[in-house]
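Chains as they are written, first to last, in the numbering used here: chain C, 1 to 546; chain R, 1 to 272; chain S, 1 to 272; chain W, 1 to 323.
These are calculated hints, taken from the structure and not from any lab test.
Glycine is no exception: its CB is placed at the ideal position from the N, C-alpha and C atoms.
Possibly wrong hints are sitting among the right ones.
Stated by the list, open to error - Here are the computed lysine to any residue pairs in the SDA-like style, where the Cα-Cα straight-line distance is at most 25 Å:
#: 1; chain 1: R; residue 1: LYS143; chain 2: C; residue 2: LEU265
#: 2; chain 1: S; residue 1: LYS143; chain 2: C; residue 2: ALA52
#: 3; chain 1: S; residue 1: LYS143; chain 2: C; residue 2: LEU171
#: 4; chain 1: W; residue 1: LYS124; chain 2: C; residue 2: ALA52
#: 5; chain 1: S; residue 1: LYS143; chain 2: R; residue 2: ASP40
#: 6; chain 1: S; residue 1: LYS143; chain 2: C; residue 2: LEU265
Said to hold, decoys possible - Beyond 12 Å from chain S on every Cβ pair, some chain C residues (computed):
#: 7; residue: VAL120
#: 8; residue: VAL188
#: 9; residue: ALA192
#: 10; residue: GLU268
#: 11; residue: VAL356
#: 12; residue: ALA404
Unchecked claim - What the simulated footprint calls covered on chain R by chain S, stretch by stretch (three residues with Cβ under 8 Å from a Cβ of chain S suffice, anywhere in the stretch; the number is not a length):
#: 13; stretch: 21-35
#: 14; stretch: 47-55
#: 15; stretch: 113-123
#: 16; stretch: 166-172
#: 17; stretch: 176-186
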Amino acid sequence: MVLQGEQAVQATGRDGDGPRPARARPAAALRVLLGWVLVIGLWELVGRTVLADRHLIGVPSGILGTLVENADVYGRGLWFTTREAMIGYLAGNVAAVALALLVVLLPGLERTVLRLALVVYCLPLVALGPLLRLAYGFGDGPQVTLAALAVYYLTLVPLLVGMRAVPRSWLDLTATYGRGRWTTLVTVRARAALPYLMAGLQASVPAAFLGALVGEFTGAERGIGVLSIQALRSLDTDGLWALMILSAVVSMIGYVLVSFIARRLAPEQPTVLLATPGADPRRPAWRRWLVSAGGVALTAAIVLLAWAGLFWLLDLNPYFAKRPWDVWEWLVSAPTAAEHRAELFTAASQTALVAVPGYFAGLALGVLLAAAFSLSARVRRALTPVAVALRCVPIIAIAPLLVAALGRGSFGTAVVVALMTFFPTLVSCLYGLGRLPGQVADVFAAYATPRTRVLVLGRLPAMAPAFFAAARIAAPTALLAATVAEWLATGTGLGNMMAVDAATSRYTSLWSTVVVVTLMALAGYALVEAVERRVLAVVAPEQSRW
Amino acid sequence: MTGVQTARTAGRPAPEVLCTAVAKTFPGPAEPLPVLASLDLTLEAGSVTALVGPSGCGKSTLLRIIAGLEHPDAGGSVRIDGDDPLEVRRRGELAIAFQDASLLPWRTAAGNVALARRLAGQPVDHRKVARLLGMVGLAGFEKARPAQLSGGMRQRAAIARCLVTEPRLLLLDEPFGAVDELTRRRLNIELPPLWSGATTTTLLVTHSIPEAVLLADRVLVMSARPGSIVADLPVGLERPRRMQQLHSRRFTELVDRIGTLLGVDEYALGQG
Amino acid sequence: MTGVQTARTAGRPAPEVLCTAVAKTFPGPAEPLPVLASLDLTLEAGSVTALVGPSGCGKSTLLRIIAGLEHPDAGGSVRIDGDDPLEVRRRGELAIAFQDASLLPWRTAAGNVALARRLAGQPVDHRKVARLLGMVGLAGFEKARPAQLSGGMRQRAAIARCLVTEPRLLLLDEPFGAVDELTRRRLNIELPPLWSGATTTTLLVTHSIPEAVLLADRVLVMSARPGSIVADLPVGLERPRRMQQLHSRRFTELVDRIGTLLGVDEYALGQG
Amino acid sequence: GNEASPSGGSASGTDGPAAAVTYQLSWTHSVQFGGTYLAQDRGLFRDLGLDVSLAAGGPNVAGDANTVSGAALMNVSVADGVARSNAEGADLVIIGAQYQKSPVTILSLADAPLTSPQDLVGRKIGVAGTDTPGLEAFLAINGLTQDQVEFVPSQYDPAVLTAGQVDGLYCFYNDLPVALAVQGIEGHSMLLADFGYDPMSQTYTVLRSSLQDEARRDQVIRLLRGDARGWQLYQDDPRAAAELAVQAYPDAGLDLETQQEQATVQLDIMFSEATEQFGFGWFTDDQVQENLRLFELLGIEGATEQMWDRSILDEVYRDGPTA
Ligand SMILES: Nc1ncnc2c1ncn2[C@@H]1O[C@H](COP(=O)(O)OP(=O)(O)OP(=O)(O)O)[C@@H](O)[C@H]1O
Ligand SMILES: Nc1ncnc2c1ncn2[C@@H]1O[C@H](COP(=O)(O)OP(=O)(O)OP(=O)(O)O)[C@@H](O)[C@H]1O
Ligand SMILES: [Mg+2]
Ligand SMILES: [Mg+2]
């Protein structure tokens, strides 16, 4: 009863967030402390008994010991990786903002820019890592670049959604004074997009760290990535876990920092975004098809040109850095092309079988967690660290544990894919659930609607744009995650194929596989986009035009 | 949540609302802003009360406090038949029309109205929804989304949403502010039978003094911020009200009196 | 972009607005919804025109079309001194008060008002902003955000925003719909000097017939949807208008006439 | 400076500006490259007029590609890998081999040791996707078929073995077995080389064009010579090399005990009678022939004796088996 009263007031959003009674605080702190003690105690117990000597998990005491013993080495490694991640985070987000500006100022470019951004985001590490190392030589270049690449898409997509999340009347305001896109951007869109931007910035914190970390697998001399390879191969499970915990803690700090800034920056309540459903006259189907086909062709042309042009400019050796025509020959014109295609097709279907269930599982996990977080602050506080940790720990580090828990079957791999995908969805949906307009919240409050019902009837529809932004991000992410899972656990599909290709210098095959992965990601993305258009036309029509 | 709802609320008698020492101070832009001076108020069971007062004097705030959507400052309390407002909301017996229409943008007009019934734990009755939309002049727009409606149409949809649950306590915040004079008068005549009676207690904020007198059993006049009730005028015209009464002495007297209290007189326009 | 703006717009004479064959059909929820029947209309330079008509008849739509925010159906056109509305908007010479205040929630009241000047390419003049806010009764609330204002206060801030740029073409969509009668009358007297004169052409949508007559040189009466202009009544009261005129025969006659045209008569309330 | 260096950039001179070359290692830094570190640390490269940068390898490093693209002058590789690269259009040549015996091994736990190929029958063997062809070839050599053994996809993570997910793990002799030993877990290593699978490993690999260009060939000779000298020092005191590795790469997270253990263990496969007789890094024609036969089994096409070139070793050991 008391709980519900609290909630009804909270729904009005005005004065629900008052400080809790002071006497409750020490008790709550004690409970949290006890909870932690219990969890850690259990963990230690399990590690020392059931799982002893199996080197699947580190135990708290061992981890602590390792941390103390290697304080300076780990500290330095952490600093290196953190620095790479921070620079990459900055660079990636600046790039995202720049791209978003470009799209807002030239809306005609939106589709093309997003597709190109997607292509770059989908480039698998196996192909990209060595390339970057070749391009940069020694140093932090590849780590920073990979961190930036892991980040920019996560910010770009929600940012664009946010830029559109404005009611017609605000756009009318700038239009009244004959102002163009730039002014609208500065006075209206930029501020309105803030919550979505913050969602992107928050989701990309662990991504940046993980990007930098795996970037170190490309032959770096220092950092958490290097240390973890070392720990992994020397069966130093405690060390490995210590490193992963450090990574998680750093990501967590970044995440909390950004969310703190977000809370400071966007205090006003969301308003109702009235916008009429697609007022533009429907163009005939054949014209729509023509336009989208044209767009696809344009994107393809730009990708091919950039591909060939960049390799030529960097003067990359064609032995490793295959050009579009090499792939064409491999897949189409060579006498053995049919075999290659068949091989790729088999692998691609295996991957799809893992990626598709994983995609939906990840999405569902993200949405469900977001819903649970929004219903209960306690759940949020308890699970946020776990979610961040799951996102920033390289899957390679905990693969044996996951396999032990889940097996190598398609269920296990789908779960791995889900674990690697859910985080951006969670963050985006959390912000999306907060987009319930104040006036609508009042309506629910007038009927003392219970939280769960407000969630279903109000928050979920309000979340739709953010959810679909997440769904679009998750499509390529799931595919990439599936390839990693295959490489680690199943030894099948495109992931394994790329690893084997890379190890056996079958670079033409590798690049062809990269092309296939990219095409699959684009196809998945297009499907999601099609569903999104339909749903948002009803639920959030403001999203369907600039 | 729904267990309590099975008894049709319409059958129960209208509640009495008791506000005791209700005051409200907002943290204003610079210093704290006292909006409502301490205020004691009883809305009799089944009565229709109109609240008039200058813009910004705290009328909407008072309505929200009575609905329990805003808490009064410490010491103040609102009881509805002895219950906390939350209880009443939970039973789906309260409806409030906010000053801005606040429809859910992703639902159609009919969907918005039907939603209220679902939220109040009542079975959705599509015929009733359609009938109410028809009464407020939205026949043919059942499937339109809020963005496709004019300002006045949105407001009328919101009124329909309020009435569809047959609430025992009805709070209307300038329900006809955005509709034209003709429609307003039509609604002024056609809707009140839905809410004046033994089953509903109504509090109505309006800027139109004649409307206040026409609709209410009692008109409360509020002072400028910090709002307090400076006059409490029983209307004493018989029900059902008809247009003829508008020309009665009692009516014009009351309108004048309230106008004077509000200071409208010095700008007197049209009447008296 | 700002080059054109250097000449103060207030100095130039008011523009004439010419609507030719303006019709509008919206893709309605089910079938296309004709909202405006073909409509020819001239707003004389420097005149104040009031537009009255039933809710949902297309008044707001017409305003938006005149501002160029909505396109009329093929064949129709709007010219402002021979220019496209877009041109006029670009010069910062047009202002429109929307039916909902549509303030930017993250800006203070003063910030919202000042923004209009920036958007119109005019230097921000804080004294002027403060003076206008004072005129609409928001002194002391300059720093308040929209969420901290009452409905009527928001609307008044929006009016101030419209006036702060001294527009040559002023479009007001029920600017006083959410304010109480007293404030409304005060504003009805105090604000018009800012917009009636040689430099501004004004079109005003209102639901209050007396207000229409009081403020306008000419009252246009619209029919129900699809809207067309069924009467075009010159007011012919001398300016500056004073309260005394409200009791003049001409005034009450006009109010009655419009009431009849709108069909309000059958529900006649208070007047005549 | 390009002006008037006294010796005019003579080919073998130790004076004048040192030539900058990159030497690509096959994995992240560890005592696996202890000899090279010694050469670097003791200034052996510098004495030979080389300014050597050691590029670390890693899970996502294409060593051969770095040499092919010219980013590295020489890399450490493996014969079948080089043959594959060449089949894909590279023109790499093996000019020496640090390991006398392939380090590839099947590691099992001591309480269930896999000691001979026959023991693999019916067992689960963890093997990385990239190594599957190697394991297949090994089975074929020993008259076994693939369906007699269950391949479990895994990476080089010994936890799969300790956790009981596999019975044996395809890995490297001086790597995971050492880690296991240091963790106090007794394991058993079955070197595949002892059962007929012996691809030349840790090969010195360079571009053929580097051997044809006088100046670069000279750099290659100096690099190999310096490296061989380093490994000679290593042979005398592997533990010093381990200490050096830990000290020189403080950020690599190396554990001294493990490094020392590994340093000792890998002596077995790096030094043999052949190295005593001919010098460190030596390989024989028999080995070449054996590798060529192996390539056939592995399905690698187009490799010939041309892939090896002993002239650099000949040059380095012109005066006997010490560099
Ligand atoms: N959330 C809030 N925070 C701060 N001040 C507020 C808040 N809500 C309302 N106010 C202030 O309280 C006063 C009364 O507001 P309220 O909305 O109750 O007025 P009202 O009588 O309904 O006026 P109107 O007729 O214009 O709707 C106003 O001065 C307003 O600035
Ligand atoms: N974007 C739109 N899409 C579809 N229909 C619309 C749209 N905008 C307005 N309409 C319809 O056009 C008609 C006229 O709307 P408009 O807002 O112009 O009315 P109005 O005369 O201003 O009414 P009110 O006095 O209630 O504000 C209404 O029936 C409305 O349903
Ligand atoms: Mg109000
Ligand atoms: Mg309107």
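Checked hints:
no. : hint                : result
1   : R:LYS143 - C:LEU265 : violated, 38 Å
2   : S:LYS143 - C:ALA52  : violated, 65 Å
3   : S:LYS143 - C:LEU171 : holds, 23 Å
4   : W:LYS124 - C:ALA52  : holds, 22 Å
5   : S:LYS143 - R:ASP40  : violated, 31 Å
6   : S:LYS143 - C:LEU265 : holds, 18 Å
7   : VAL120              : holds, 33 Å
8   : VAL188              : violated, 7 Å
9   : ALA192              : violated, 9 Å
10  : GLU268              : violated, 4 Å
11  : VAL356              : holds, 36 Å
12  : ALA404              : holds, 51 Å
13  : 21-35               : holds (count 4)
14  : 47-55               : holds (count 4)
15  : 113-123             : violated (count 0)
16  : 166-172             : violated (count 0)
17  : 176-186             : holds (count 10)
Consistency note: the structure conflicts with the earlier hints numbered 1, 2, 5, 8, 9, 10, 15, 16.
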